[in-house]
Amino acid sequence: MNAILVLLALLSLATLVARQRTAVVAAHIATTPAVLGMGFALGPRGLGFITSSTTDAFSPALGVGLTWLAFLAGLRVARPKFNKPYLTDMAATIGHSAIAMLMCGAAALGAMYVLADAGIALPGVSLTEHTVYAAALLLGGPVVASGFVAALEAMAISPDQKAYHRFLFLARHDDGLIAIVVVIAGLLWAPASWEGTPLAFQASAPFLVGLALAAVFILLAGSKTEGSGPDTITLIGLTTLAAGLGSIAHLPVVVVGYVFGAGVSALRRGPAVLGHGLSSSARPVNLVVLTLVGAELGFSVPAVLLGLLLAVVRVLAKSLLRRYLEPANCAAIPLGAVLGPSSVALPLTVSFVLSRGLDLHTSSLVTTMAVAISASELIAFVLWPRGEGVPTLPSEPAAEAAFETELRAEESP
Amino acid sequence: MTDHTPPTPESANPDTANPDTAGTTPSAVPEADAHSPAHNTQKPTGASRAMWLVRGAVSSALLAGLILLLRPDATAGDAGSRAVFSLGFLVLAGSIGGQLASMVGLPRLTGYLAMGVLAGPSGLGLLGTGEVQSLQLVNGLALALIALQAGAELTVPMLKKSARTLWWASVGHATIIPLGMTALFFALSPWMSFTEGLGWPAILAVGGVWSAMAVSRAPADALAIMGEARSKGPLSTYTLGMVVVLDVVVLILFAFAIMLASVALTPGAHFSMHEIVHLMQEIGASVAAGTTFGLIIAFWFWAVGREKLLFVIVVGYGITAFCRYFHYDTLLVFVVAGFVVQNLTKEGHDLVHTVESVASGVMVVFFATAGASLDLNALAQTWPIALALAGGRGVLTYAANRFGHRMADDEAVLKKTSFSGLISQAGVTIGLATIAAEKLGPVGAGISSLVIAVIGINELVGPVLFKWGLNSAGEVGKADGPPAH
Numbered sequence: 004m005n006a007i008l009v010l011l012a013l014l015s016l017a018t019l020v021a022r023q024r025t026a027v028v029a030a031h032i033a034t035t036p037a038v039l040g041m042g043f044a045l046g047p048r049g050l051g052f053i054t055s056s057t058t059d060a061f062s063p064a065l066g067v068g069l070t071w072l073a074f075l076a077g078l079r080v081a082r083p084k085f086n087k088p089y090l091t092d093m094a095a096t097i098g099h100s101a102i103a104m105l106m107c108g109a110a111a112l113g114a115m116y117v118l119a120d121a122g123i124a125l126p127g128v129s130l131t132e133h134t135v136y137a138a139a140l141l142l143g144g145p146v147v148a149s150g151f152v153a154a155l156e157a158m159a160i161s162p163d164q165k166a167y168h169r170f171l172f173l174a175r176h177d178d179g180l181i182a183i184v185v186v187i188a189g190l191l192w193a194p195a196s197w198e199g200t201p202l203a204f205q206a207s208a209p210f211l212v213g214l215a216l217a218a219v220f221i222l223l224a225g226s227k228t229e230g231s232g233p234d235t236i237t238l239i240g241l242t243t244l245a246a247g248l249g250s251i252a253h254l255p256v257v258v259v260g261y262v263f264g265a266g267v268s269a270l271r272r273g274p275a276v277l278g279h280g281l282s283s284s285a286r287p288v289n290l291v292v293l294t295l296v297g298a299e300l301g302f303s304v305p306a307v308l309l310g311l312l313l314a315v316v317r318v319l320a321k322s323l324l325r326r327y328l329e330p331a332n333c334a335a336i337p338l339g340a341v342l343g344p345s346s347v348a349l350p351l352t353v354s355f356v357l358s359r360g361l362d363l364h365t366s367s368l369v370t371t372m373a374v375a376i377s378a379s380e381l382i383a384f385v386l387w388p389r390g391e392g393v394p395t396l397p398s399e400p401a402a403e404a405a406f407e408t409e410l411r412a413e414e415s416p
Numbered sequence: 210m211t212d213h214t215p216p217t218p219e220s221a222n223p224d225t226a227n228p229d230t231a232g233t234t235p236s237a238v239p240e241a242d243a244h245s246p247a248h249n250t251q252k253p254t255g256a257s258r259a260m261w262l263v264r265g266a267v268s269s270a271l272l273a274g275l276i277l278l279l280r281p282d283a284t285a286g287d288a289g290s291r292a293v294f295s296l297g298f299l300v301l302a303g304s305i306g307g308q309l310a311s312m313v314g315l316p317r318l319t320g321y322l323a324m325g326v327l328a329g330p331s332g333l334g335l336l337g338t339g340e341v342q343s344l345q346l347v348n349g350l351a352l353a354l355i356a357l358q359a360g361a362e363l364t365v366p367m368l369k370k371s372a373r374t375l376w377w378a379s380v381g382h383a384t385i386i387p388l389g390m391t392a393l394f395f396a397l398s399p400w401m402s403f404t405e406g407l408g409w410p411a412i413l414a415v416g417g418v419w420s421a422m423a424v425s426r427a428p429a430d431a432l433a434i435m436g437e438a439r440s441k442g443p444l445s446t447y448t449l450g451m452v453v454v455l456d457v458v459v460l461i462l463f464a465f466a467i468m469l470a471s472v473a474l475t476p477g478a479h480f481s482m483h484e485i486v487h488l489m490q491e492i493g494a495s496v497a498a499g500t501t502f503g504l505i506i507a508f509w510f511w512a513v514g515r516e517k518l519l520f521v522i523v524v525g526y527g528i529t530a531f532c533r534y535f536h537y538d539t540l541l542v543f544v545v546a547g548f549v550v551q552n553l554t555k556e557g558h559d560l561v562h563t564v565e566s567v568a569s570g571v572m573v574v575f576f577a578t579a580g581a582s583l584d585l586n587a588l589a590q591t592w593p594i595a596l597a598l599a600g601g602r603g604v605l606t607y608a609a610n611r612f613g614h615r616m617a618d619d620e621a622v623l624k625k626t627s628f629s630g631l632i633s634q635a636g637v638t639i640g641l642a643t644i645a646a647e648k649l650g651p652v653g654a655g656i657s658s659l660v661i662a663v664i665g666i667n668e669l670v671g672p673v674l675f676k677w678g679l680n681s682a683g684e685v686g687k688a689d690g691p692p693a694h
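Chains as they are written, first to last, in our numbering: chain H, 4 to 416; chain Y, 210 to 694.
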């Protein structure tokens, strides 16, 4: 009965806030920390309205939600082109991300050593094993990913369209793509919990599965000309299947879902897949996922400290990069938009932990990432205040429509 | 009170041209696009069919390889992972099956069922019994959506116009079928092992239970076929009205029959009107609850007007939990709710559109799960008797309809085809069989097994027959809006 009531509550929450972004903004509450906090308060380690057995019961649904979010993020990846503008933008994106990740990864590594020396080592991370390097990569990679939603919001107030386009390209790819590559690299250093399976297979399998699913979708749905729509039932079936297979095979389902989405985007002509309202499903799904993750969060002092440190380093890294690498964007795009957190960072970490067969509430990585993302969003919220004098933010449908126009322009010869 | 497991649903009329689309949230199940192969209104050419078959074969091979590689055996992974895998697999397989069925002129529902049978325990065993059971959460939602839509499709003018027909047909179904099926059951009882040692009064009483179950229909199948065929006309109206009316009739008949059988089989048991009174109270309470919930739904649509789809899903689960807790008739509550929204408020069209936007995806799972739940082993063991009973039920259904139409002086097309939409059986009957098994001991268990076998036949034949009926009546394609599939 508890599971049914929790399901009803989660669906009700999703219903109430699905399009209430402006209400959340008006209340000066950043979504991620608010929902994570609510989930934690209601969870087994809070008020106990959501029991441990309920969170276990919803674990499969959490996997499906994570896969779907990653799939939507993957759909934004631009189809590879071998022309100068694309290569230039991609090089700038990779450079931007690499520098930021190095800074955050180094900060994480240094902090873990400092904390260990102070006698408050991060639980589950041993300095004498490779786990510390894996942890540095797994934290440094996703935490610096850019927020695509924030990029869309910046569109409305950016007078410099060229800067906007470059920023949007970065956000589209930095919101997941680079982080996933880094996480897979981190996986190679992590202890193999899937005994008997070569690490190389563990690292490559998510990509191969994602690409295979993309191929299946293209075959079933057929090659469409621009303006046609997706076979949504097939998409949902494949995403759910990916979540199930990934979970059975101990693969990080977020990577599978992201590669699936990127593969569909790359193999299909035209931006039609995103052009049928799929993007609007991200918000309610994200809310349900965040609530469930919040309910399972554990608490440890070193994890919280590390998370706060990463948030600060993230802000510094992105501020410095924006100022010195892309001075044209300084005036055009507000810092708060640049600091917007990624939609894939926390799901990626959660997915990785689940694929290792670990519990979320004992995972320092998840707690650290949750704190880092929440703190980042709060900082961004403070630095980019909504209120008088600031132009009205676009509605989500308008922002999505503008993005779809952007995609069509990208696909046109 | 019977808590109906979902009959077989399917209906979906994704209206991509509807201006109300802007007010609904696509959520995770946006409307299917009219241009996709599964929803194209134009008939596919031979070349496009061949190309689709080739692509389908290649993609199926690719999927099969993935599954074999990552899921070496059916027990790999924990229960939750297997449940998620089962859900995704059924959605995909059902979708492909529906497309294949459509290509050969069969209802999509048949394709969904066939894929479920193939994947389920009676087929290739890709899905275990436990995994199929784990999808009941989705099936609960499917039942809610089907019943809401069924209720919303019924209008007062429609009911007034067909009241006489429905009345006499119901009389026919409530008399001819029970009498005929009881006689047939009695005649076949020497070949039924679970009736050994019973005296003729007991066999007749058990036959009464069987005959009451024979009156039950599958509202979901009817809606599914009508939605796919975009049908409109006297046959569609009659079928929709009858499946709803018979849902109530069968409850009363079954309650009486179970009581009589309990008295006949249990020494010392006595006849009591208490259960009948209790049943009538529950029916009344279900109607009242349905009315209340219908008004709540209409209020949300009117006052809030946003996130209608998510709200309907929340309401679907919430009301289902409510009905199970208070032992109300879930199907009746939702039908009444849909009826109230359609006839007492101005939100009926919105409700139908909202439900249809998600119905297609949910119903694929539902029908495929129903297929996976069919126990073909039971059918293989008892097929002669099952075939005789299924055939007898079909003939008696025809006779009951003819009686009703004759008394109501209906048009010829109804007399000829009206039985076709009333052959399918699924979740409602399974629910009744489960109750019989609980209340009648070993005899009930024997009936339950036989019912499963008969349902297998009716479920495979019924949709095809109904589609034939709609074609014969000339009602296919007469409804407004784009096709359901």
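Keep in mind that the hints were calculated from the coordinates and are not lab data. Glycine included, each C-beta is placed from N, C-alpha and C at the ideal position. The reader is advised that the hints may include incorrect statements.
Stated by the list, open to error - Now the in silico label distances, taken between C-beta atoms and shown as ranges:
#1 Y/342 / H/206: 30 to 38 Å
#2 H/95 / Y/501: 53 to 61 Å
#3 H/48 / Y/493: 40 to 48 Å
#4 Y/597 / H/54: 18 to 26 Å
#5 H/56 / Y/270: 35 to 43 Å
#6 Y/333 / H/269: 51 to 59 Å
#7 H/86 / Y/271: 30 to 38 Å
Practice prompt. Just pull the numbers of the violated hints for me, sorted ascending.
Written response: 4, 6
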